[in-house]
Each structure stands twice: as structure tokens, then as C-alpha cells.
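Undergrad: So the sequence shown is residues 1 to 142, counted in the numbering used here.
Derived by calculation from the structure, the hints in this document are not laboratory data.
Do not take every clue at face value.
Restraint ranges, calculated between C-beta atoms of paired labels, are given here [stated by the list, open to error]:
| id | residue 1 | residue 2 | range |
| --- | --- | --- | --- |
| 1 | Asp54 | Ile107 | 22 to 30 Å |
| 2 | Glu111 | Gly53 | 17 to 25 Å |
| 3 | Ser36 | Asn102 | 29 to 37 Å |
| 4 | Glu92 | Glu135 | 13 to 21 Å |
| 5 | Met4 | Ser93 | 28 to 36 Å |
| 6 | Asp54 | Thr110 | 16 to 24 Å |
| 7 | Ala68 | His10 | 36 to 44 Å |
| 8 | Lys26 | Gly69 | 24 to 32 Å |
| 9 | Asn102 | Asp8 | 16 to 24 Å |
| 10 | Glu135 | Gly13 | 15 to 23 Å |
| 11 | Ser116 | Asn42 | 17 to 25 Å |
| 12 | Glu135 | Glu67 | 22 to 30 Å |
Idealized CB from N, CA, C, for every residue including glycine.
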Amino acid sequence: MGRMIDIDFHFGGVVDAIELIQSLLKSGVSLVSDGSIRFHLNDDFDWETRPEGDIQEVMAALQVHSEAGDAVGVDVYFDDSSLGGSLLIPAESTVVYFILPNHRAVIGPTEFTDFSWYLERLIQPFRANALSGFECHDFYPR
């Protein structure tokens with residue numbers, strides 16, 4: 001098993017994927033990197049990439065699949081940096097996963113993730129969706 005770096009966000013009720021994504025977009029988070037959007041629409045976690053101009057179609061597809069009971073996900077990027085992560089929203093779940101890539105904010109000269117950097121950007125939009133808590137994981141298997 002490889003290294004696991006993620007934040008598990010817990011909510012007071014079942015998460016509405018589109019409402020959560022729209023809250024992020026309103027807070028200055030983007031779904032676009034290098035002119036494209038990366039997302040997935042079902043439980044097999046095959047990621048797709050579409051051009052930036054297709055954002056409305058991507059949002060509509062995310063909503064349809066989420067409402068149909070599929071896990072959905074989308075890569076998100078913080079407008080004030082080149083950093084981001086993958087947001088995974090399981091169907092009918094009260095937990096959402098934010099998976100961090102190898103290129104991420106770290107604490108000083110260490111390999112450990114600066115979770116406060118991400119939480120500062122995610123807590124407020126998630127609070128609008130009944131956020132009740134979170135768990136951060138930066139695990140190095142031995």
C-alpha cells in the first residue's frame with residue numbers, strides 16, 4: 001500500500017454533491033486546470049477529462065449521476081495557487097473525501113502535509129453544507 005494523504009469531511013446529513021461543489025466554486029475554488037476539467041461519474045472511478053467550455057455539461061452529468069446513486073468526483077484547484085486535490089463524494093454518504101496529490105502544501109522542509117493550508121480554504125464552504133467535523137491523514141506505511 002502506498003502513502004495515503006487525505007482529509008475526510010463529516011457532515012450532519014447526506015451530502016448533496018452539486019450543492020457542495022457550488023459552495024466551493026463560490027468560495028474561489030476552480031474545477032479547471034490547464035483548460036480542462038477532470039471528473040468521474042460512477043463507482044468504477046474511471047476519471048474523464050473535458051475541455052473547460054464543457055463545464056455546464058459536466059455539472060449536469062455530475063448531478064444526474066449523483067442523484068442516480070453513483071459516487072462522483074471532481075478535481076478542484078485553489079485560485080490563489082497551483083495546488084488542488086480530488087474531491088470524492090460517495091452516494092448517500094455523510095462523508096466526503098479530499099485526496100491530496102504528491103504536489104501539495106507541506107510544513108517547512110518536511111514531507112508532512114500542511115493540512116491547515118487546505119482547511120483554511122475548505123472549512124467555510126463546507127460549513128454552509130452542515131460540516132460537523134474532519135479527519136486528516138498523512139500516513140507513511142513502513
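Undergrad: Each of the hints needs a verdict: does it hold here or not?
TA: Here is how each hint holds up against the structure:
For the pair Asp54 and Ile107, the beta carbons lie near 37 Å from each other, so the given range of 22 to 30 Å is not met. Take Glu111 and Gly53: their Cβ atoms lie about 38 Å apart, and the range 17 to 25 Å is violated. Between Ser36 and Asn102 the CB atoms are about 20 Å apart, so this pair departs from the stated range of 29 to 37 Å. With their beta carbons about 20 Å apart, Glu92 and Glu135 fall inside the hinted range of 13 to 21 Å.
Separation of Met4 from Ser93 is about 19 Å and departs from the stated range, judged on CB atoms against 28 to 36 Å. Checked against the hint of 16 to 24 Å, the pair Asp54 and Thr110 fails, with Cβ atoms roughly 39 Å apart. Evaluation of the 36 to 44 Å hint for Ala68 and His10 yields a failure: the beta carbon distance comes to about 24 Å. A C-beta distance of roughly 26 Å is found between Lys26 and Gly69, which places it inside the suggested range of 24 to 32 Å.
Roughly 19 Å separates the CB atoms of Asn102 and Asp8, a value that falls within the hinted 16 to 24 Å. Distance hint for Glu135 and Gly13: a CB-CB separation of about 18 Å, consistent with the stated range 15 to 23 Å. Between Ser116 and Asn42, the C-beta spacing of about 33 Å breaks the proposed range 17 to 25 Å. Between Glu135 and Glu67, the C-beta spacing of about 27 Å keeps the proposed range 22 to 30 Å intact.
In terms of the numbered hints stated before, the structure departs from hints 1, 2, 3, 5, 6, 7, 11, listed from lowest to highest.
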